[in-house]
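Novice: Numbering (UniProt numbering), first residue to last: 1 to 287.
Please keep in mind that the hints were generated in silico from the structure rather than gathered at the bench. Do not take every clue at face value.
The calculated lysine to any residue pairs, modelled on SDA-like cross-linking and capped at a C-alpha distance of 25 Å, are [as the list claims (entries may be wrong)]:
hint, residue 1, residue 2
1, Lys83, Val65
2, Lys47, Thr27
3, Lys177, Phe165
4, Lys82, Asn200
5, Lys226, Thr192
6, Lys74, Thr8
7, Lys226, Phe250
8, Lys83, Gly191
9, Lys3, Ser49
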Amino acid sequence: MMKTIGDTLKYIRSNKQYSQKNICVNTLSRTALSKIENNKLNPTYIKLSYILEKLDLDFEEFSYVQNNFKLNGKKKILNDFKKISSNSEVNAISTLMSSCQKYLNKEATDYIVSDIFLVLKSLSMLHSGLPMNDIIQTISPVWTRLARLDKWFLIEIHLINNLLFIFDISTAIPICKRALSELSKYDSQSGTLPIAFQLNLAYMLLVENDTTQAASYLNQTISLSKKQKRYDLLAVSQIRLGIATSPFNFMLINNGLSILTTIGVSSLEEQIKHEICTFTCPIKKAM
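Generate the whole structure from the sequences, applying the supplied hints.
Specialist: Here it is as structure tokens:
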């Protein structure tokens, strides 16, 4: 059972061995804090924000502690969805689809969870090799809703990152650029999304034979991947940069494949090998 706000604040403060005096400096009286901790007063947003700052917590961690150090319901769905990076993650996608269905049985009007379910369903269909027209029909309601929005927040950008494959390149490129513009406002909170979108952009530019622009994005993703220690994304970046180089830089391509083998992401390795084959014949013979 979820703790009350007051019980959670008292639990955190006591375990940090902070006195009420440590918390109550200017904005809050000790009497008010005592009432909040004893569930006799509900704190305003401003007061709760102040208390959490004094306790060295943000709202996300507070909510996690309040729920007995667990994520559940919609928060768990959002968290698990953000972790999915490929349609090859069949088990994770299937499990999350079931979670979405259970949630939507109780909260049928939740747009975001409904969108997540449709995106997951389309990824599952894509992995199964079902007709693209059927996949587009499944996922198009998601894009119809997102396209009307004047502003995309992080969850919307995660959704868009997972439905780019339905668009032709001329449509997808401006969508990617808008998403990157939105992500620039988030700085460190955006995680690997900037890398994902720039990798997508680079791939589309390679298809269009615009190797110069593709290489520009890939040099950025290499730098970002190293900074975030995401060696899977570093490998993909190196492989695509090798393809973008004229003549093909097989040292970079093979180095990227070696990284994927070393870190044991076999499904991604197989996907990227197929991608390499679409751009160059010699590497196909070597495999």
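Novice: Decide, hint by hint, whether the structure agrees.
Specialist: Verification of the hints:
1. A threshold of 25 Å between alpha carbons decides the hint, and for Lys83 with Val65 the separation of about 21 Å falls inside it, so the pair holds.
2. Taken as a hint, the Lys47 and Thr27 pair is honoured in the structure, with Cα atoms around 8 Å apart against an allowance of 25 Å.
3. Between Lys177 and Phe165 the CA atoms are separated by roughly 15 Å; this keeps the pair inside 25 Å, and the hint holds.
4. A C-alpha spacing of about 17 Å is found between Lys82 and Asn200, which places the hinted pair at or below 25 Å, so the restraint holds.
5. Of the supplied pair hints, the one linking Lys226 and Thr192 holds, its CA atoms being roughly 11 Å apart against a limit of 25 Å.
6. Proposed proximity of Lys74 and Thr8 is supported: the alpha carbons are some 21 Å apart, at most 25 Å.
7. Simply put, Lys226 and Phe250 have alpha-carbon atoms about 20 Å apart, close enough for the 25 Å limit, and the pair holds.
8. A C-alpha spacing of about 11 Å is found between Lys83 and Gly191, which places the hinted pair at or below 25 Å, so the restraint holds.
9. Proposed proximity of Lys3 and Ser49 is supported: the alpha carbons are some 18 Å apart, at most 25 Å.
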